Structures are given as structure tokens and as C-alpha cells.
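Trainee: This is what each chain is made of:
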Amino acid sequence: MALETLIESLPSLFDGLLITLLLTAFGIVLGTTLGIVLATGRSYASRPLAYLILIYEKVLRGIPLLVLFFLLYFGLPQIGINFNAFTAAVLGLGLRSSAYQAQIYRGAINSIPEGQIHAAYSLGMSKLKAIRHVIMPQMLRLSIPGWSNEFTILLKDTSLAFGIGVIELMRQGRYIQVRDPDLVLVVFLLIALIFFLLVFTANKILRYVEKKYQMAGYQVEAHR
Amino acid sequence: MAVLEVKDIYKAYGNVEILKGVSFTMEKEETKVIIGPSGTGKSTLLRCINQLSPPDKGQVWLDGEEITNPKTNINKIREKIGFVFQDFNLFNHLTALRNVSIGLEKVKRIEKEAAKTRALQELTRVGLDAQASQYPAQLSGGQKQRVGIARALAMDPDVILFDEPTSALDPELIGDVLDVMKSLCGKVAMLVVTHEMGFARNVADEIIFMEGGVIVEQGPPKEMFTNAKLARTREFLGRIGALYGEEETGG
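From first to last, the protein sequence lines stand for chains A and B. Quick note on numbering: the first sequence equals residues 1 to 224 in my numbering. Quick note on numbering: the second sequence equals residues 1001 to 1251 in my numbering.
Errors might be hidden in some of the hints.
Stated by the list, open to error - In silico DSSO-like links for lysine-lysine, alpha-carbon gap of 27 Å or less:
1. 127/A x 1080/B
2. 1229/B x 129/A
3. 1116/B x 129/A
4. 156/A x 204/A
Stated by the list, open to error - Partial chain B-side listing against chain A, Cβ under 7 Å, derived:
5. 1052
6. 1083
7. 1091
8. 1103
9. 1137
Claimed, not checked - Cβ pair distances, simulated, as ranges:
10. 1054/B x 153/A: 40 to 48 Å
11. 1066/B x 62/A: 46 to 54 Å
12. 1020/B x 46/A: 25 to 33 Å
13. 185/A x 1133/B: 55 to 63 Å
14. 136/A x 1001/B: 36 to 44 Å
15. 1066/B x 59/A: 46 to 54 Å
Think of the hints as simulated: they come from the structure by calculation, not from any bench. Just so it is clear, the structure is predicted and the values come from calculations on it, not from any experiment. Every residue gets a Cβ at the ideal spot worked out from N, C-alpha and C, and that includes glycine.
This is chain A alone, in the form it adopts within the complex:
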């Protein structure tokens, strides 16, 4: 009886998983793109702009994600800006992640000796070219370990989108629980297992990427 309900519910968990993966994908793309722009801006843009970016980072790192979700989804409509729940969740995840990722990239930029920029200029590169061909490739490589961390945090935090009604994995689990309260332990263990496997697989893949793209002589041995 309970087992039957569980089996019947599995397709809905798959639907939820799909939404979770979409939230992760859109969120990380937004967070990474914006994070790179912010970090580059903070290191190379004019002072007022760099200062604005600093404020942005501080604010977004200081607000709990759920509060950010509520602001975006319930708060903004009051001033006429409407997002659907999915979009609000992607924005919340992406914006917050961009603030954290900017830190990762800025750390990486700072670890690249400044002389390399001078060398790039000396070859006749513009600032933009130097950033693109000298700084960016090194920054991205150096950022992979930190980015992996941020990626798994974002993946897990998609479950908070449950709070604004996005029907992702967590919300689907909750539906099953409501239908048959006896399944609560099994269902959430199952959801926990799904998250764990996603994170585990992602880390394996990223570790491989990290190894593949590390610069000779700059191996950062991570003992895990």
C-alpha cells in the first residue's frame, strides 16, 4: 500500500529533479557570468564602479537566501515588478552566487603576479586584451576549486525555492508526504540521496576538470 504510493510518486520526483537541475543550471550560469564581470570590474574598473560592486557584494552576502527569494517574489510586485516563482528563484540563486563567486575570482586575480599585465601591455595588448588573454585564462583555472564549492552550495540551496512555491524536488517530496504521511522518512531519505549523488558526481567531474586544466607547476593538491 505505502510502497504502491511511493512507486506512483516516483515520476513526480523526477519532475521535481528536472526543475532542481534547471534552477541549478540557470542559477550557476547567471552567478558565474555576473561573478566574473563583478570581479573583473572590481579589480580593473574605475574607482566609483569598483566601490559600487563592493557594496553589491557585501549586501548580497549579508542576506539569507530565503529572505532574498521573498523580496524578489513577494516584495517586488508591490513596486510593479513581477517575476514568476521559477524566475525569482533563478535570480535569487544567481545574484547571491555572483557575490560569492566574485570573491573567488578576485582572489584568483590577486594571485596572478601584476608583472604579467605589464608584460602583456609591453607586447602592445590593450587592457581588455590583457585581461582576456592573460588574466582570464589563469583566473578561471585558479578558481575551479572554489567554484566547485560554490556550485554544490547552489545546487543544494535550490531546495529553498520550495519556500516561494517552485515545484522542485523538495516541494514534490512535500506533496508525497501530504498524500501519505507514513512515507515521510523514506521520501526525504530518497531526496537526500538524490542530492548527495548529484553533489558527489559534480565534485568528481569538477575534480577531473581541475586536474585537466591546472597549470604545470601550479598544482594545488587538495586532499579529500
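Based on these hints, arrange chain B on the given structure of chain A.
Mentor: Frame of chain A, contents of chain B only:
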């Protein structure tokens, strides 16, 4: 016509005046060596020339063009001024070959394969063709510096500025770098800041002795070493010669 003309350069960092009116000219394919005590503004002078730190006052002319003029496209100009750094500043994520070819590809817009062929020629010229596929971290200091020289040469510059190219090297690695520099003599104009008195004496067409932000004395090495006009020049050359062993590195 002079390839490089430096006219009355002044440069201060904050309240500290580093350069207080430096002028000299360089002919095509001439080798000039700048010597002088530390903190005298030699490196600053080089950075003023390629505008890495633009001078506060004065002019720099390259090939009859005033490059200190704010209207000049400095990136275009820097293609013609090679720079070799004390601490190499190779691009760590690129192989020796790509370090040399990247300027050709991304700045001169030469097609990738052609750029690599050219880069390999320059690496061969500095004796590092066998190390083409190695990354900077896998090279010795002397090899890194030779890659740095090849990187500058590949751009086919009018003049190459050397900022103490051997100062960060172990003594036994200096010779290779100096040999490469000697081999360039008469092929491209070189302006070299160095403490290698042997190089200055045997290779330079002219020596410039700087102290306190000004040129104290300049002249052909023979004259400077044996018959300097000023007592201060004689004193400095005597002391630095004893210190850096002009005989051993004399080559």
C-alpha cells in the same frame, strides 16, 4: 635619424622625485647600457620610455613620432618597444612557444600556425627550441629569461629595453642570457639597465652613468672605464667592477 629620443624626462612618485631631467638619443641598432646605484631611477626611466609609467614631464620620440603625446595609440607604439623584465613575467598558463607567439597572434593578428613557426624560430635563436612545449614553471631562471627575450624579439621591435635582465638569476645562469644578448648586438637597438660590467664594457656602444635621477656622465665604454671625466664615475665603476667581477663575465 635617431630611433629613440628621450627629452628631459621628469618623474616623481608622490613627493619623491625619481627622474630630474634625463635626455639621450639612441641610433638604430645601437647598444646602450645604463649603470648606476640602486634607487637612481634606471628602471623608472625604462618604464617612462614605454609609458608603463608615463613621465610627468618631457618627451619620448620613437622613429620620429612623439609617443608621450596623449593622442598616440600607445598599444600600437608598444609593439615596437620590446621589454625584458628583471623577473621575467612570463605567462604561467602558456608554454614557452605560446608565450612567444601570443603577441603575434593577438596583437599582430598573425594566423596561429604562422605565429607558432615564427615563435619557434625565435626560441631557436635563444637556444630553447627543445623547451618549446614546456611551461614557465618547468624552466630554469635563465631559460625563462631567454623566453622573455624571444617574446620581445618576435614582435620585431625597433628597440628592446632590458630591465636588469640577469639580476634575478643564479650566477651560473647569467652567462647564457648575456650570450643571447650579445648575439643581438647590431641587429636591434638595445637599452640595457644592468650591473654586469663585463657586458657593459665589451658589448655596449655607449655607457650612461646615472645617479640621483640625472645622467652624470656618458661615453664609449673604453673612455668611461679608463678615462672617465668625473671622479664620481671613476669611483662607482671601480667599486662595482670589483663587486661584480668584470673580468670573469668579460666574455
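Trainee: Would you check whether residue 1137/B satisfies its interface hint, that is, whether its CB is within less than 7 Å of any CB in chain A?
Mentor: Since chain A brings a Cβ to about 2 Å from residue 1137/B, closer than 7 Å, the hint holds.
Trainee: Is the interface hint for residue 1091/B satisfied, with its Cβ closer than 7 Å to some Cβ of chain A?
Mentor: OK, holds: residue 1091/B within 7 Å of chain A, min 6 Å.
Trainee: Do the beta carbons of residue 1020/B and residue 46/A sit within 25 to 33 Å of each other?
Mentor: For residue 46/A against residue 1020/B, whose Cβ atoms are near 31 Å apart, the range 25 to 33 Å holds.
Trainee: Between residue 156/A and residue 204/A, is the straight-line Cα distance small enough, at 27 Å or below?
Mentor: 16 Å, holds
Trainee: Quick check on residue 1103/B please, does its C-beta sit within 7 Å of some C-beta on chain A?
Mentor: 4 Å, holds
Trainee: Using 7 Å as the Cβ threshold, decide whether residue 1052/B counts as touching chain A.
Mentor: Check passed: Cβ of residue 1052/B comes within 6 Å of chain A, closer than 7 Å.
Trainee: Can you let me know if the beta-carbon spacing of residue 185/A and residue 1133/B is within 55 to 63 Å?
Mentor: 57 Å, holds
Trainee: Quick check on the hint: residue 1083/B CB to chain A CB, less than 7 Å?
Mentor: Holds, because the Cβ-Cβ distance from residue 1083/B to chain A comes to roughly 4 Å (cut-off 7 Å).
Trainee: So the hint says 46 to 54 Å: do the beta-carbon atoms of residue 1066/B and residue 59/A match that?
Mentor: Holds: the Cβ-Cβ distance is about 48 Å, inside 46 to 54 Å.
Trainee: Holds or violated: 36 to 44 Å for the Cβ distance of residue 136/A and residue 1001/B?
Mentor: Since the Cβ atoms of residue 136/A and residue 1001/B sit about 40 Å apart, the hinted range of 36 to 44 Å holds.
Trainee: For the pair supplied as a hint, residue 1116/B and residue 129/A, confirm whether the alpha-carbon distance does not exceed 27 Å.
Mentor: At roughly 19 Å apart (the allowed maximum being 27 Å), residue 129/A and residue 1116/B satisfy the hint.
Trainee: So the hint says 46 to 54 Å: do the beta-carbon atoms of residue 1066/B and residue 62/A match that?
Mentor: At 51 Å between Cβs, range holds.
Violated hint for the displayed structure: number 2, the only one.
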